[in-house]
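All chains, please: the whole structure from these sequences, using the hints.
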Amino acid sequence: MPSDRKNFGTSIFELRWPIEILVEEVRRLLDSDPPKFANWSEECERLLEEAFRSQEPAVEFRAESDKGEWLAALVEHAQRLPRATKPKPYFSQRGRERVEPSRLSLGETARRVRDLISDLERRGYLVQALGQNCVDTGEQFGTLGSAPWDELHRRLGRNDLLPIERWWSEYVLDDLCDVIEIIHDVIARPARAYFHNYGACGWHYQDFRTGVAQRLYRALVNEILGESNLGVALGEGGRCEEVAGGDELEPLIANARADGNSGGAQHDDFLDALDLFRRRRATETEKRAAIVTLAGVLEERRDLIRENFLQKDDRALFEIANKFNLHHRKVDQHNKYDVELYFQWIFYWYVSTIRLTDKILERQAVSGL
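1 is the number of the first residue of the sequence shown in our numbering; add one for each residue after it.
Keep in mind that a hint or two might mislead.
[Unchecked claim] Derived Cβ-Cβ restraints for the label pairs, each shown as a range:
1. 138 / 87: 43 to 49 Å
2. 165 / 138: 33 to 39 Å
3. 241 / 146: 32 to 38 Å
4. 79 / 345: 28 to 34 Å
5. 146 / 49: 29 to 35 Å
6. 207 / 167: 52 to 58 Å
7. 292 / 194: 50 to 56 Å
None of these hints come from the bench; they were simulated from the model. Virtual Cβ for every residue (Gly too), placed ideally from N, Cα, C.
Next comes the structure, spelled out in structure tokens:
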């Protein structure tokens, strides 16, 4: 059995990727056929370099004598890995009271997206679409053919958008969303790579995985969009959707979406409720339905809440839904309140409580309770 690795919970193992994608890719390498192929260790290192903020996990892996055991331990203790966090406030920021958190402008958001796409391209995520060159075999066309940028512009119906490194500073919101979406359509993670030394040819990539790349891309793009004032997010289908954004609670939603265990058995319902409530043009009925769904997630965890919260907290949570014209819609329920403000408050309260119970369950799983 893999041994306990206490340092998996330290800051050097701070994740860049969503945890479920890391675990999926590590398991793929552990279950590879043939097992431990020729450059297996190098592929493992490449994965670790991508998935973590620091290079130290890859360095530690490289020094291990039993690398398979180390990876198995990483999977076993994955819930202990720290999620990415923002830097602590600096002196001037700590000294200011009630300062509204700054949001990324369109230009700042486009720059961040440019950096992300450039990094993914450098790691081979666009090779399947754009192709690659080799000093031995010449130009190898990708799925977009011999003129990939022209093909991308043909699909977009306009020019002067790509490559992003050239045009990002001139984007309006529609341009940025178009680029985000079309990159989602063609992105693929190379499962294997090798370095061709001859003639300084460079890295060559193969065995591409589209699904995992698109899930990773959505998570990383939404991390950026969640810090912006643009009010959009990249949906599951790879298309930008309007959301109610622009407040300091966006990181709560982004973290909930990135955690594949949020809401437990009702994970999909939980995510649907987040999307339904936060649509920019969501109706009162839709918002009410989203809150009722969240109440259902909490109902499943009522015993957990009773055990870990103050004695009357669980009663207050469910009285909100039952007494304020949300759930059963009875004549004796309260209905004279500002719907917009009240729904915002109860929605984020419920989401915060669900996230808190997620953390309690994670802690109990680690401790074996």
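Q.
Taking the earlier hints as the rules, which of them does this structure contradict?
A. Failing hints, ascending: 2, 6.
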